[in-house]
Structures are given as structure tokens and as C-alpha cells.
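Student: Between the sequences and the hints, there should be enough to build the whole structure, so can you do that?
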Amino acid sequence: MAVKVARAHEATSEPTTPRAPKRARRGTGLRGWYRGGGLSTLLLALPVILVFGLFSWWPIIASIPMSIQKNDLVQPASYVGWANFRAVLSDPLLPTAIQNTVWFTLLAVVIGFPVPILLATYAAELRRGRGLVSALAYLPGVIPPVVSVLLWKQFYDPDGSGLFNTVLGWFSIPPQPFLQNAISAMPSIVVQATWAGFGSTTIIYLAALMSIRSDLYDAAELDGGGIVQRAWHVTLPQIRHIILLMLLLQIIGTLQVFTEPYLMTGGGPANATVTVLMLVYDYAFVYGNYGQATALSLLLAIALGVVSIVYYRVTRRWSSS
Amino acid sequence: MIRSRSRTALFGTATVLAAVNLLAACSSSGGGAAASATYDPKAPVTITVGDEPPTSEAPQRAAFLANVKQFETLNPNITVNATETQWSPQTYQAMLAGGTMPTTLIVPLTEIQSLAERGQVLDLAAYTKNDKVVSAINPTLTKQTTHNGDLYGVPVGAFTMALIYDRALYTAAGLDPDKPPTTWAQVEQNAVTIHQKTGKAGFLIPTVNNFGGFVLTAMSYGNGGALEKTSGSTVTSTIDSAPVQAALQFLHDVRWKDGAFGSNYLLDPDSALKEVVTGSAGQAILAGDRYGEAVFNDQANPDDVGIAPLPQSADGIGTLAGGNISVVSPKASAAQAAAALKWIDFEYLTMYTDKDAAVAAAKASKASGQPVGAPTVPLFDAKTQAQYLEYIKDYIDVPRDHFTAYLNSVDTLPMVLEPTVAAQQIYAMLDSTVQAVLTNQGTDISALLQQNQSQATSLINAAG
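Chains as they are written, first to last, in our numbering: chain G, 1 to 321; chain Z, 1 to 464.
Please note that the accuracy of each hint is not assured.
[Said to hold, decoys possible] Label-pair distances were calculated between CB atoms; the ranges are: (1) Phe52/G to Gly232/Z: 52 to 58 Å; (2) Gln99/G to Phe296/Z: 52 to 58 Å; (3) Trp170/G to Glu390/Z: 44 to 50 Å; (4) Leu126/G to Phe296/Z: 50 to 56 Å; (5) Lys366/Z to Leu106/G: 56 to 62 Å; (6) Gly292/Z to Gln99/G: 40 to 46 Å; (7) Glu390/Z to Ser161/G: 43 to 49 Å; (8) Arg130/G to Gln86/Z: 56 to 62 Å; (9) Gln450/Z to Tyr138/G: 50 to 56 Å; (10) Tyr138/G to Ser271/Z: 46 to 52 Å; (11) Gln86/Z to Trp57/G: 29 to 35 Å; (12) Gln229/G to Asp258/Z: 41 to 47 Å; (13) Pro76/Z to Trp57/G: 39 to 45 Å; (14) Pro41/Z to Trp57/G: 33 to 39 Å.
[To be verified] Not the full set, but computed from the structure, chain Z residues with beta-carbon under 7 Å of chain G: (15) Gln93; (16) Leu96; (17) Ala97; (18) Ala168; (19) Thr171; (20) Thr182; (21) Val208; (22) Gly259; (23) Ser263; (24) Tyr265; (25) Lys342; (26) Ser432; (27) Gln453; (28) Gln455; (29) Thr457.
None of these hints come from the bench; they were simulated from the model.
No residue lacks a Cβ here, since even glycine has one placed at the ideal position from N, Cα and C.
Tutor: This is the structure we're talking about:
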């Protein structure tokens, strides 16, 4: 009887396919997880999860109720509905701050974005000294941000004693205002920020470039392509997914700029370098209004989310390889 | 590629906010003392006091700790724990919410109104009612620390805005350093002379971190008007007025007409002081109590530091007063608050009334290289001040005859208080006005002031 059933079952079952050799069975469920090394993985990851949860996710979640409270961290908090959002959106300085922040991001993309790509492309072509170029490129990034900003503030000193004005003086060029002028202040800040940040990105691009198959270059050379054509037709397309990712990270990062304008100019001259995050800082630490500070932070986070979504949609075509 | 360190800053800020919120929710309320002062004066009580001098100021620290010991001997039921904690805008509220604020701390005068408004300092009315020493403090100073009729802080140091000038540059430019200018026209004239004869900047002011607005306020007082008018309980903004316009026009002229402002328009007050006392600039409007800082921190030549009263136009109404205020944590119990006030009296006020305390403080200052007898605004009346100077006369190492005009003005030039509502926000707004005037020659001052006045009105209404 059993044989017949088995055969009948065989007749209606799927056609047999050659089976892959069986691996040692781990079993399913908790035991399987444990035997597969799940516990040690969890223990290894636990500190990171805890730190990330406590210092990144928990503050973000905690700031949501705070944004609808009148909260100065001392008096009991009271719920005020949308008042904080209304107050923040009607701040006369907000349009200026948004404009300045977007301007900073635009300048950072135009001035700062090509530098690491060009440098990495150059370094990739080197037969010797690639390590030295990488190390030198990374050196500015080793300096703590505040130190780097204060150093450049010294460089930008407006009278003849600043480094840049001294050098300009050698070529009989009069001292430039740099940070002292509403028009040149933001570009000056962007140059410093580029200098501080291009090293790590250069190394990332360099790693990506090293992984490009050399036969592509050989083929291009055979087809008569010069250096520029090889860069345009081989290098850039091959690393375009990295480029697009770094561009998004840069946009998100620069839309949150705070340290550089705060230390270099304090938002001046005449609000020419006030950014959105500086407004958040003022609400929280100067006026003690944590409700408004978190409200503006949330609005900024939502705006960044929208930017990211739009970005991915627009670049989806280009990044698929 | 710009490194996104600002994201770290944002997370760091959010971390502090959330952690503090968490702690505030978890911690007990700490027994706030409220208005009633019922407590047992003999019961043991422990207080924490801040502003202990750091180890880098060893003699001051030793003197502070010796005072702690002496205080504990005189008051056997009080235990004092000293900490180096100082007031700072970024940490004060977090400290308070987290329960780590010392029982008593020194805060700047310019903050006391907003702290009192937000309930972040204790109402001291009940504890100071019968305090003879506190009652003897100059009423103009205690008025500034009074909010809605109650005292919220004890003034322990005061200054007025003044004209700081470099005596050496004056001499080099052919000006008499013992005859500082008394009107704005004279200031401008001297600035031009200094710039022409020595090539250095003739006049500057700090312009960032709300100090641009603070100094502009002082200059407006010197030109005959204030930023706010109070009638009854209504406060109106008077920024769009002749005195403020005159102050801004003065800055505009010195910068663009005379070219004597120098080239740095984003100065913080420390840098501004350094410029003047080290001979890079001739004159500045700064706090009048920074002699010690000039000599000790900036290594200025003591003979070159000049301090004169704030110049006045014919309609000048006086000068802006500032200072240090000792406050008590709103979370202190009644017994702690009373003990804290005893400490404040003992540590900060008796040195002006008691000879031994005065001499001990002078000795400690001398031992740590800090000047003794620098010009300040006296906390008490002229008689007490004269007596105090007599106590320490053997230790004074400051050329007080260089500051005669300033020291005389302390009694004669009216001390006008800061704007009572939304002062810090108004200063921040005026920072950018001052910077605009200094960096853009075509700035329309009238239009800008109209805009500022309507913004200030919104700020005042929002605060009310």
C-alpha cells in the first residue's frame, strides 16, 4: 500500500531536478539561529546598536513630542499644538537662512565636488607615489574641525597680516575682505570646508577607480582614445554609482552646515552666512526655546527626506549599471 | 567634497536635548523653595557653590578654599562643596534640568531678566528682606536684578560701558592721553588723527555674538535715547529714533568717510579689546572693567591702558550698566537658599566692608599676578568705596590716576538699564544692522531702522 501511494505521489509531483549536495542542516528557529553563530553576532553588534539607539534614534524620536511643546527643560512642558511650527515658519530670518544654506550647498557642489574626483583620477594614473598623494590629500581631514576653521579664520584675516593677504601682497594685490564682505563670505567658507573634507572622499573615489577593470582602458586605448576620452568614456561611467551616492551625501551634509559659518562669521556680515542649523542652535541655546528648535529640526529632516526621494527618482536611470 | 560634520553636531545637540529630557523626567523635583522661607536656621544643610577658581589660578583657588573653610567654621551647620562650574549659555539649562546646577552660581547681568522670566533662578525676596548687606547695594544695580518686583539675583560686580583707548597711540598721534574725548565728535576727530598719524585703526566696536547690539545700545544712550520705552506695563520699541540713527551714522562715517575703522567688521569683544590694548587700534567702546583682562590676558602695558566714560552728545542720557549677579538655583530648598545667601554675602560682599577680608582678597590677587584696584563700578555707596580703597591701599598696583575721568563718572553719569523685554533677540537683530552699516557703504540706515523697529515690536509682543 505504502509503495503505491508513494508512486502515485511521484506521478503527480514536480519533475525531479538534480539536487544540490546537502549542507549540514542547522535547523530552523531559535536553535538554528544560535547554532549558526547568531548569538555571537548579536553580542558583537550590541554595543553599536545600543550606542546608535541611545544617541541617534532615541533623540530623534524624543524630539517629536518636544516640537509640539513649550519646553525650556526647567518648567514643566506644556502642549502648544502647532504654535512652534507657526512661529518658526514666520521667523523673518528663515527665508534668509534657507537661501544661504542652499547657496552654500550649490557652491559646495560647484567648487568642492569635482576636486576629489579630479584628484583621484590623477592619483590613479600615477605609477609611483599614489600612497603619498592619498596621505597628503587626507592630511587636512586629520585636523579637528574647530581647529581647522579657526586656522582658516586666521588665514582670512582682513588686514595685511593674514596669510592670504600677505601672499597677495607679494603680487601687489591689495588686501581682500574675504569674510568681511557679504558677497565673498560664503565662498570663503566653502573653500575652507572643501579643503577640510576632500581627503576622505578622494580616498573613496581612488578605491573605486582601482577596481575598474584595466582591460576597459586597454580597449579604449586601442580604439585611439586619449587621456581625456578615456576618463570621459571609461572612468566616469564606471564610478557613476559612487559619484551619485557621494553627491547625495554631500547635499544632505551641506544642507546641515553649522560649524563653519558659526565659527568663521557668526552668521555675518549682516546675516549673509546664517544657515538653518544656526537658527536651530539659537532657538535652543540662546533663547532656551527647545520646542521651536526641535520643530525647525523636524522640518529640516522632512525637507532632507524629500530631497533624497526626489534625488533617487531622478538618478535611478543613471545609476543602474 | 564637504565632510558632513554638521550632521554630527545635529545629533550631538539632539543627544544632549533628549538625554536631559530623559533625566528631567526621571529625577525628583528637588524640593523647590517657592516664596515661603520657613526653615530651621540651625539644621545641618549642604550647599554647592560654583565659580571656584581653576587650578591655573592657584593663589585665587587657595584663597577661595580658605574662605570656604572659614565660612564653615563660622556656620557649623553649613557644609559647602566647591565646584569650578561656571555659567555658560549652552550648559546652564541642561545643568538645571539635569539637577547638577550648583546651589549658587554667578551669571552675567544681561541674562538675569530672561532667566527670571523663565523661572530658571530662585526668587530671593523672602531671604533678602532683612539682609542689611544686600539692602546696602546700589539700588540702580539691584533694580536690574528685580523682576516683577522681586529680587532674583545679588549683584557681586558691576561695570559700565566705557571708551577704552590706547594711551601710547594717543601720544604717538600727538593727542593728550590724559584728556580723553567726551563727545562723539571728539571721538571721531581723534580716530581720524590716530589713523592719519599712525596708520592704525582709530575706532572700533565688537559686532558679533550679540555684542554689536549691546554696544549699539550703549552708544544710543550716549546719543540721547533708549531702544525701548516703558509706560506702565506696555513696552514699545523705539529703535527707529534719532539717537540710534546718530549712533549708526557715527559708525558709518568712521568707517566710510574717515576710513578709520580698520578692516575687521566681525570682531568679538575679546578680539576688540586685544586690538586696542596692544596698539592695533586707538579707541573702542567696551566694558569698563576689563583692565585686568587687558594686562593679565593680553599682556598690555599697564601704563598704556586708558579708560574714559562713555562719550555723550548734548542729549546723552548716560551709559549702559552690566555686571555679575549671584543667583540661586530654583531647585534649592529654603534652608539651602538661606545658606547660599550667607555664602554670597561672605565671599563676594564682605571684602568691601570688612578690612581683613579686603586685605586677604587683595593679597590673593597679587599673588596670582592679577591687578589690585582696577576701576570698577562700586557695589555700595561712595563712602564704603572710599573706605575699601583705604583698606587695600598698600596693595594697589594700578595707575588709578589714568582713569580719573572714568572713576569720577561712576557717581555722576547715570547708569541706564538694558532693554527689559527680548533684549538678547534685539541685540542679535542689531548685530546684523551694525555689520550691514560697516560692510555696505550704500546701506540705507533709515529704512533698516524702520525694519528693525517692526521686527523688535514682533519680538516684544511675542515675549509679552
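Student: Now tell me, hint by hint, if it's right for this structure.
Tutor: Hints, one by one, checked against the model:
1. In this structure the supplied range 52 to 58 Å holds for Phe52/G paired with Gly232/Z, their Cβ-Cβ distance being about 55 Å.
2. In this structure the supplied range 52 to 58 Å is violated for Gln99/G paired with Phe296/Z, their Cβ-Cβ distance being about 43 Å.
3. Checking the proposed 44 to 50 Å range against Trp170/G and Glu390/Z shows it is violated: the Cβ atoms sit about 59 Å from each other.
4. The beta-carbon spacing between Leu126/G and Phe296/Z, approximately 53 Å, falls within the hinted interval of 50 to 56 Å.
5. Checked against the given bound of 56 to 62 Å, the beta carbons of Lys366/Z and Leu106/G, roughly 58 Å apart, stay inside it.
6. For the pair Gly292/Z and Gln99/G, the supplied restraint of 40 to 46 Å holds, since their beta-carbon distance comes to about 43 Å.
7. A C-beta distance of roughly 46 Å is found between Glu390/Z and Ser161/G, which places it inside the suggested range of 43 to 49 Å.
8. Taken as a hint, the range 56 to 62 Å is violated for the pair Arg130/G and Gln86/Z, whose Cβ atoms sit roughly 50 Å apart.
9. A beta carbon spacing of about 52 Å between Gln450/Z and Tyr138/G agrees with the range 50 to 56 Å that was offered as a hint.
10. Checked against the given bound of 46 to 52 Å, the beta carbons of Tyr138/G and Ser271/Z, roughly 32 Å apart, lie outside it.
11. Taken as a hint, the range 29 to 35 Å holds for the pair Gln86/Z and Trp57/G, whose Cβ atoms sit roughly 33 Å apart.
12. Remark: the range hint 41 to 47 Å for Gln229/G to Asp258/Z is contradicted by a beta-carbon distance near 60 Å.
13. Judged by the Cβ atoms, the range 39 to 45 Å given for Pro76/Z and Trp57/G is violated: they are separated by roughly 51 Å.
14. About 50 Å separates the C-beta atoms of Pro41/Z and Trp57/G, a value inconsistent with the hinted range of 33 to 39 Å.
15. Hint status for Gln93/Z relative to chain G: holds, with the closest Cβ pair at about 5 Å, below 7 Å.
16. Interface restraint check for Leu96/Z: the shortest CB-CB distance to chain G comes to about 5 Å, inside 7 Å, so the restraint holds.
17. The criterion of a C-beta within 7 Å of any C-beta in chain G is met by Ala97/Z, whose closest approach is roughly 4 Å, and the hint holds.
18. Against a cut-off of 7 Å between C-beta atoms, the interface hint on Ala168/Z is violated, since the closest Cβ of chain G lies about 19 Å away.
19. Interface hint at Thr171/Z: violated, since its Cβ lies 23 Å from the closest Cβ of chain G, which is beyond the 7 Å cut-off.
20. Checking Thr182/Z against chain G by beta carbon gives a least distance of about 30 Å; that is not within 7 Å, so the hint is violated.
21. Taken as an interface hint, Val208/Z checks out: its beta carbon lies about 4 Å from the nearest beta carbon of chain G, inside 7 Å.
22. Hint on Gly259/Z is violated. Least Cβ distance to chain G is approximately 13 Å, over the 7 Å limit.
23. The closest approach between the C-beta of Ser263/Z and any C-beta of chain G is roughly 4 Å, which is under the 7 Å cut-off, so the hint is satisfied.
24. For Tyr265/Z, the interface hint holds, the least distance from its beta-carbon to any beta-carbon of chain G being 5 Å, beneath 7 Å.
25. Because the beta carbon of Lys342/Z sits about 25 Å from the nearest beta carbon in chain G, more than 7 Å, this interface hint is broken.
26. Because the smallest distance between the Cβ of Ser432/Z and any Cβ of chain G comes to about 5 Å, under 7 Å, the interface hint for this residue holds.
27. At about 13 Å, the closest approach between the beta carbon of Gln453/Z and any beta carbon in chain G exceeds 7 Å, and the interface hint on this residue is violated.
28. Evaluation of the Gln455/Z hint against chain G yields a held restraint, the C-beta minimum of about 6 Å falling below 7 Å.
29. Checking Thr457/Z against chain G: minimum C-beta separation of about 12 Å lies over 7 Å; hint violated.
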